[in-house]
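Engineer: Chain by chain, the residues:
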Amino acid sequence: MTSEYVLEMKNVVKYYGDEPVLDGVSFKVFRGETKIIIGASGSGKSTILKLIMGLDRPDEGEILVEGQEITRMKESDLVAVRGKIGMVFQESALFDSLSVRENVAYQLYEIGVDEDEIESKVRETLGFVGLEDAIDKMPSELSGGMKRRVALARALIGHPDIMLYDEPTAGLDPITSRRINELIIALRDIKGVTGVFVTHRLRDAFTLATQYASNGGPTTTYHREGATLCIANTRFLLLRDGKIIFEGPDELLRRSEDPYIKRFLA
Amino acid sequence: MPLTPKAAIKEVQDISSLAAKIFISAFKRPLYLKDVLTQMDVIGVGSLAVIILTGFFTGAVLTLQTSKTLSTFGAIGFTGQLVAVSLVRELGPVLASLMVAGRVGSGIASELGSMLVTEQINAMRALGTDPIKKLVVPRVVATTTMLPILTVVADAVGVIGGLFVAVFVLHISSNLYLNSAWDALNYMDVVGGLLKPLVFGATLSIVGCHCGLRTHGGTQGVGRSTTQAVVASSILILVFNLILTRIILAYTQ
Ligand SMILES: Nc1ncnc2c1ncn2[C@@H]1O[C@H](COP(=O)(O)OP(=O)(O)OP(=O)(O)O)[C@@H](O)[C@H]1O
Ligand SMILES: [Mg+2]
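If you read the protein sequences in the order shown, they are chains A and B. The first sequence: position 86 = 86 (the working numbering), numbered continuously. The second sequence: position 80 = 1080 (the working numbering), numbered continuously.
Careful: at least some of the hints might be erroneous.
Quick list of in silico lysine-lysine cross-link-like pairs, DSBU-like style, CA-CA up to 35 Å [what the hints assert, rightly or not]: (1) K1034/B x K84/A; (2) K1034/B x K137/A; (3) K1028/B x K137/A; (4) K137/A x K1134/B.
Quick caveat, the hints were computed from the structure, so don't treat them as lab data.
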């Protein structure tokens, strides 16, 4: 049975200690959609991504990935589910004993792809994030933004259908974050990747919600939505104290009369 | 963290279940042979200098002390025998294991602990790897195989250290010392002397992995895990040594 939804959370409750971090979270992400999760620090955004990846288990509720319930799955069966998902961790989480090349190639080594193919794929993917020159560096030699992009490349190399981005632009300069946003837009609009994008940088969130990419020959071009076109594949989700207090497109979010949302957007 | 009886039992449970998982994973594909070899190099070759120094000075001081005691009985000719037996049965395995617990057990705990707090372990799981297979099994296999070898080195260097003292300080003939040392060792001494580091190696590496993998509380937590790994594995080594000695002696005629 295939569901029209790629990701689904049903009434998920998660405790760390005595405090509920997620308190009945439900949402669905349809194929090709990018869900932008915004919320204050500590509101449980990263926790949602970890639960989707099966890295941690909820105390209550269900999580479906491509129609499969994962919360009670054995760790060994989760490997197949995780294979469909790429994740960019909040702090990059590069393996610091491995070079950039080995980090990006990691998943291919695990599957057992042959050396030549790995090399060309690593170069291609690093090219995609604009970091071909850093291939022989160690993670400790990279800047924060470069690490973020290597982490993105590492997550992308297996061509996942679903991408989870945990604040991929936090603390980056405008040029680098613009670059990363464009990559994510291109993945969404050209490759049809389903995504969950966690951020508390509203500028980036609205960039994602208002721009789209199209593929005109060899180059990708980026456009702004206007009177003739409205992006429907990107929706917001606002998290507050473990509960979803808003869900919908950017236009509705901006027009909301809720005092907390207004304060959050200000 | 206070060590209540309940916490202690939980700890023992956790370590046993980790040990069981390691045992099962060690026989399942994929096997990370390259990681095992790397760890053997890091743990085995890397500990060689420490082990040689420990062995040499222990053998030397042991010879000084033993000969002093034996000379009061006019039995200084037995020095080699006593030194060899003490080294092979007890001091070699225990001191080598304690040194390796300090060097390798702490290293394992801090490495896995920092990988955990920086989410590298989660990243690994996200990329489809079982961290038990990729990180824990190679370290445990490497420590368990390398420690008996390191112990043999420690024993041998210890006897040589004793020889130096015997010849240059006590003026015992090297033949007398070496012959009495060699003749003293029986089959069970050798078996016991190898079994002990095997058990201690498994113990210290499993405890190191366990402490590393349950790190919490950021960088500070890593320091705590490292200390705990060394303390817990050192005490376990001493306790297991008593139990094993009792068993081995029961089988010795
Ligand atoms: N492993 C853990 N153990 C205990 N508490 C945790 C753990 N992980 C997260 N928490 C707690 O859960 C809450 C939500 O954490 P989470 O990382 O999901 O927040 P976030 O929305 O991603 O915040 P930020 O924007 O700062 O990244 C926080 O209060 C945090 O203290
Ligand atoms: Mg977070």
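Engineer: Tell me the hint numbers this structure goes against, listed in increasing order.
Structural biologist: Going through the list in order, the structure violates no hint and respects every one.
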